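J.: Here is what each chain is made of, one letter per residue.
Number of protein chains: 2
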Amino acid sequence: MVTKPAKAAPDTARRSEKSRRAIYEAALALVGEVGYPRTTIEGIAARAGVGKQTIYRWWGSKADVLLEAFLDLGEQSAREAGASDQEPYAIPDTGDLAADIKAVLRATVDQLKDPRFEAPARALAAEGVVDEEAGRRFTSALMEPNIQLYVDRLRSAQEAGQVRPGIDPRIALEFFISPLAQRWLQYTGPISYDYTDTLVEYALYGLAPR
Amino acid sequence: MVTKPAKAAPDTARRSEKSRRAIYEAALALVGEVGYPRTTIEGIAARAGVGKQTIYRWWGSKADVLLEAFLDLGEQSAREAGASDQEPYAIPDTGDLAADIKAVLRATVDQLKDPRFEAPARALAAEGVVDEEAGRRFTSALMEPNIQLYVDRLRSAQEAGQVRPGIDPRIALEFFISPLAQRWLQYTGPISYDYTDTLVEYALYGLAPR
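If you're matching them up, the sequences are chains A and B in order.
Under the numbering used here, the first residue of the first sequence is numbered 1, with each subsequent residue one higher.
Under the numbering used here, the first residue of the second sequence is numbered 1, with each subsequent residue one higher.
No lab work stands behind these hints: they were computed from the structure.
No experiment lies behind these values; they were computed from the predicted model shown.
Be aware that a few hints might be false.
Heads up, the list lumps identical chains together, so a pair's fine if it works in one copy or across two of them.
[Unchecked claim] Restricting the straight-line Cα-Cα distance to at most 20 Å, the calculated cross-link-like pairs of lysine to aspartate or glutamate (EDC-like) are:
1. Lys113 with Glu132
2. Lys113 with Asp194
3. Lys18 with Glu68
4. Lys18 with Asp93
5. Lys52 with Asp96
6. Lys113 with Glu25
7. Lys113 with Glu133
8. Lys113 with Asp131
9. Lys18 with Glu42
10. Lys102 with Asp131
11. Lys102 with Asp197
Chain A with its partners taken away, still in its complex shape (with noise of 0.2 Å):
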């Protein structure tokens, strides 16, 4: 009797990967040529060249073959930007809070114009809007960890007296992320590095005279 090895041998291993990335990319695609409630596990399938057994073994629906697909791409986007393997998504702390939000920020802008992600994005935004449950749970797997990050930058700059001790995090950042977003979804408006710019400089300054 051959017991079954702890791990896949090296072959196996890189076969899984190769076959892995083309379900990634196979996924995306789909989704963006012909949106989310059209997009199926047999139709990744059949683009990325394996059988759906491959798919059901590692994942339980097109939900989360997306969202592990998404989760990939910002990685691969991160890494090309030069971010560490270790924290792709950490937001600076120079002390110099202004600057290091500006530079978040410019990163999105980058993301949000990059055409592997924004036809995509668009499909999983879109169901989203119509169908709470999906929304919810995309926000929670690609949105939050993002909004933690602010959170805690926004913190620390708190202990650090660079912002209001009465302030809520969670509200604040909005300021930073949620202009952003509509005009995006919305097209209320042109993106640019001046105008992510300029959000900061208002958001942490007011509007009203000082």
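For this one, chain A is given, so just place chain B on it according to the hints.
T.: What follows is chain B alone, placed relative to chain A:
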């Protein structure tokens, strides 16, 4: 020979008004139930109990019908909220900028939670996310007039010395509308009067200590 009357007779006008209202209601209900792509002029006509030629006589496309139906719904809500017929959407100018913006945002919170509004508004917003041309059209017809009211109110506050002279009102207004829009579109947090009141305080006085 009978000349065409310049105005429809009272009976015809009443019948037309009844059909128009039935068409608006059918269009909003249908798009909320089946989504924008599967809403058709034929479906709206059947549900409203009118011939589809009646719809084509007044509107060029389903987008046209829906945009008018939304504008009508907004006017109805404004009338129910006690706004004057002349300026249903004006932002008050009592001289207290914070109070005026808070009042308008509280009305927006009520609208976002109005079940007549929610499903059709989500269907339209979702289509706009994936179809840029439709999205720009919806934003231009349904959001820009409202955005312009904020621009006007902020300019008047600037003239009164309540907003810093260098601030661009077109960007500043996003601190009031975008966080609320993102919470509604992406479920990033709960929506309440307390929340929108807080947005106004933070936006006017900034996050950094004074």
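J.: Does each hint hold? Answer for all of them.
T.: The hints, checked one at a time:
Taking the shortest alpha-carbon separations for lysine 113 and glutamate 132, only the inter-copy value of 14 Å comes in at or below 20 Å, while the best intra-copy value is 26 Å. In this assembly of identical chains, the alpha carbons of lysine 113 and aspartate 194 lie at most 20 Å apart only when taken from the same copy (15 Å versus 34 Å across copies). Taking identical chains as interchangeable, the C-alpha atoms of lysine 18 and glutamate 68 lie at most 20 Å apart only when both belong to the same chain, with a minimum of 15 Å there against 51 Å between chains. Proximity of lysine 18 and aspartate 93 under a CA criterion of 20 Å is satisfied in neither setting, with 37 Å inside one chain copy and 62 Å between copies.
For a Cα distance limit of 20 Å, the shortest separation of lysine 52 from aspartate 96 qualifies neither inside one copy, at 50 Å, nor across copies, at 62 Å. In this homomeric assembly, lysine 113 and glutamate 25 come within 20 Å of each other (Cα to Cα) only inside a single copy, at 18 Å, whereas the closest approach across copies is 38 Å. Within a single copy, lysine 113 and glutamate 133 get their C-alpha atoms only as close as 27 Å, which misses the 20 Å cut-off; across copies the closest is 17 Å, which meets it. Only between protomers do lysine 113 and aspartate 131 lie at most 20 Å apart by alpha-carbon distance; the minimum there is 16 Å, versus 25 Å within a single protomer.
When the C-alpha separation of lysine 18 and glutamate 42 is checked against a cutoff of 20 Å, the pair qualifies only within one copy, where the shortest distance is 18 Å, while the shortest distance between copies is 48 Å. Taking CA atoms no more than 20 Å apart as the test, lysine 102 paired with aspartate 131 passes in neither setting, with 32 Å inside one copy and 29 Å between copies. Only within a single protomer do lysine 102 and aspartate 197 lie at most 20 Å apart by alpha-carbon distance; the minimum there is 6 Å, versus 26 Å between protomers.
Violated hints, listed in ascending order, are 4, 5 and 10; each of the other numbered hints is respected by the structure.
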